[in-house]
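K.L.:
Letter by letter, the chains look like this.
There are 2 protein chains.
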Amino acid sequence: MKFLAEIEILPKKGLLDPQGKAVLHGMGQIGLPQVSDVRVGKFITLEMEAASSEEAHAAAETACKKLLANLIMEGYRIRISAQ
Amino acid sequence: MKFLAEIEILPKKGLLDPQGKAVLHGMGQIGLPQVSDVRVGKFITLEMEAASSEEAHAAAETACKKLLANLIMEGYRIRISAQ
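If you read the protein sequences in the order shown, they are chains A and B.
Residues 1 to 83 in the numbering used here are what the first sequence spells out, letter by letter.
Residues 1 to 83 in the numbering used here are what the second sequence spells out, letter by letter.
Hints are computed from structural coordinates only; laboratory data are not their basis.
Certain hints may be false.
It does not matter which identical chain is used: a pair holds within one copy or between any two.
Said to hold, decoys possible - Cross-link-like lysine-lysine pairs, in silico, DSS-like; alpha carbons within 25 Å at most:
1. 2 x 65
2. 13 x 2
3. 2 x 66
From a predicted model like this one, the values you see are computed outputs, not experimental measurements.
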């Protein structure tokens, strides 16, 4: 079966996020001063063959740990859906 | 009320995604040849004050159109949750 893994990667809370700070500054300039915090990370989708959604989740987890996320500085969330 | 907007930004289908192609190549090298497609985009969270989730959604939409996404090359999805 074909599965889609949607992976959200964000800098961990408490760590500096200079990109987020820059975007927060921009929010005031485009008329959105109500925005009080911005964090910027990566969104990655993987299409894959797997026997079950558990197997797809395990593959996405391996991808995060070995390649996609820097586990010291970033956290990740994985969503799996059948295609 | 405080709301969190979670924004996923991806290159539009059919457009070149060189980062995605590079990551796809890496998938084979870390033992995940079952991954057949990768797309790489941005994940951005905004914390804001708003009177309703509709108002928060409208602010996030403005942020995407004016600052966060390149609408020629990227599409975006917004999720709003109350904090």
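K.L.:
Please list, smallest to largest, the hint numbers that this structure does not respect.
P.N.:
none
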